[in-house]
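Colleague: Take a look at the letters that make up each chain.
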Amino acid sequence: MRYFKILTLIFFISLSSNLLSEITTTAETKTFVAASLQDGTFYRTQVYCDINLQALFDETELFSVIRGEYLTGVLKNPDILSLRELWIRRVFSFQNPVLQELSFKIGRIIHTWGNADELKPCDILNPQDLSFLLFQPLQERKIPSLSCLLSLRFFENFLIEGVFLPIFEPSVIDNSVYFPYPVFAEIKKNPFFTIQPAVFPLKRWRDSSWALRLGWSIFKIDGHFNYYNGYDTIPVYEISSLIYIPGPPPVITGTFKPDYKRIVMYGLDFQRALFFNITIRAELAWFDKGKFLYLDQNRFIIDNKSAIEKQYAEYTAGFDVSSFFLRDLYLNFQINQKIISKWSYILKEKEITTSLLLAIEYPLFEQRLKLKTRFFRGIEEEYNAFSFETEFKISGNASLTSGIWIFDGVSDSLFAYYKDRDMLFASVKSIF
Amino acid sequence: MSILKKTISFIFLLSFFIFAAEEDKNLTGKEIAERVEAQSKKLNFLIIRGEIEMVNLQSQRSEKRHYTVMSRIDNNRKSSIFRFTDSIYKNTTFLSLEQPDGSRLQYIWLKSVGSPRQIEGSDKDADFVDTDISNEEIGGFAINDYIWNRIEDRTIDNRDCYVIERVPVRKNARYSKYVVFIDKEYLVTLLARVYGKDNRMIKIIKSSDIRKVGETYMAFFTEVVHSERKRKTIVRIIEAIEKEPQKTFFRKEMMDSPWQ
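Respectively, the protein sequence lines represent chains A and B.
For the first sequence, the numbering used here begins at 1 and goes up steadily by one.
For the second sequence, the numbering used here begins at 1001 and goes up steadily by one.
No lab work stands behind these hints: they were computed from the structure.
For glycine and all other residues, C-beta sits at the position ideal for the given N, C-alpha and C.
One thing to keep in mind: the hints can contain errors.
Quick look at which bits of chain A chain B covers, simulated, 3 or more residues with Cβ under 8 Å [said to hold, decoys possible]:
id : stretch
1  : 55-64
2  : 204-212
3  : 266-276
4  : 329-342
5  : 385-396
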């Protein structure tokens, strides 16, 4: 918080200087409501107004988003007024053919790693508001992190980036309707289980997170090698104590402690435009340390633990194509797979889990109306999630979106878990 | 000056004009295209601010938004970047980087995605966002992507023009050909007729208000009439200045830069 205040102070000193005239201001408002398709119960209302201040002074850039927000449906309401994004970037250019540029960016930043869409195993630097699953776009789900980024460009086509995240911020997973992982919901709804306050990483330099990225653009292939050494923003619900009380009926009582683990991830991503309007994008992450996978609940009492550390690979590969069969028809297809190394039958997850994502968009009436549909399919977990939405451009500055999400499945997997919680939603967005 | 000297000078001058006229006549379509490209590259740096207006020809409903384009030439390779600066498309940014082989590497950056997305080559003649202007018309095209057939010269609005039929090499191109009228003096396209796969004319692009900017000429008013959509897109240049934009703006990693 101290760093945040210092940054804010720097920013407002900059504002009050004679550079004030260089700043451009825009406002963006959004009203979002979601309700149950089954009984009409309101799940969530979100109303926000973002004031966006941005400026460019020679080779220094300032960017900030101040957000006023009203939000329901989460257990911990956010501040009504917050500084969502705020960063300063300074770029130094050199005539040197080897080292051509150096840039330094500091502040509350949204980082975007990886080249795939939506299912992005390498894009793990920022925490996310997962309380609404995938119903908000990834960039809107991300919570900006206090961080600094040093970027060096070599030989025109090579880039080395280092990111330092000194303060840990967790993802938001509490919600009155959805949980991003059904296991959280199961633990939470069990009246014999108690959840202790979360254990957060200590505020020490050595508990900071950091990441490195090497980027290249050769033969029109854009790619990156990624490395992340830092805290997972999703906690592991570890067992503090578990007691078996013989019946009748037998009961297991337990106490769980959410613990944030330090993880190590190696990643690779690339994108390349091909032919026939097709562009392929892919990313692969190898989680080497710190990822804990849950056991089957029946094993909790036998093993006296809820999760064990496992290495796994996760990749997403896909393509998007425009003007597919019909002019302006846009199609995006992705396959995501998680492959657990040295898998054991005691794990809740299967050795290989596969998800498919298909997104189709088609504009009508001179692009005033856009029809969008998305379909998620879990192959091994046997779930389906389907959305259909219409986006209507009211004017050059405003749009109205409405749609539905329908869930189905046969097991207790991510979306199947919510099959009695289908959703209707509507939102209005405007920019001034 | 003696009569002999005058006569010799006259003969040389006459020869020059005859030679120049003959050379002009002998120029191939591709050579004219190369001249146009060379002319456009006379400006090493350029910043343009303007307005795009889309008009429905049936309802007369119109929508305006503003844009900024920056371009620079480094090592005879042109880089350009286009951005909408207001409306719901605010900050939608398009980057085009000329490669050593003359082809273009193109990216689009959307706030909702947060990272640059490469655009496929044949996607170049797809329309940019909801306008009637193609990605290629914004980002430029590679001469080798087309076959350039010169046809008979014509006069348009009292301006002598080269007329070239531009046929895409790629089989999956959206349009079958472009018939382009290029002003001989300014080397600016005054008129382009765009034909669909069925050889029906789909778009007419008409430019006017030609002004000198630095060492080159530019059309400050362009109107694209789309006969199928019954719509037109008007592109106006409000300001065009020869000023060096920062090289770093043309990096795909910097497409989120807050310039306006």
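Colleague: Taking 8 Å as the Cβ threshold, is the statement that the stretch 204-212 of chain A is covered by chain B upheld or broken by the three-residue rule?
Modeller: Coverage by chain B is violated here, the residue count being 0 at a Cβ distance below 8 Å.
Colleague: Between the stretch 329-342 of chain A and chain B, are there enough contacts, at least three residues with CB-CB distance under 8 Å, for the coverage claim to hold?
Modeller: Since three or more residues must qualify, the claim that chain B covers the stretch 329-342 of chain A is violated, with 0 doing so at under 8 Å.
Colleague: Counting residues of the stretch 55-64 of chain A with a beta carbon closer than 8 Å to any beta carbon of chain B, are there 3 or more?
Modeller: holds (count 6)
Colleague: Checking C-beta pairs, does the stretch 266-276 of chain A have three or more residues closer than 8 Å to chain B?
Modeller: Result for this restraint: holds, n = 6.
Colleague: Does the stretch 385-396 of chain A contain three or more residues whose Cβ lies closer than 8 Å to a Cβ of chain B?
Modeller: holds (count 3)
Hint violations for this structure: numbers 2, 4, all remaining hints satisfied.
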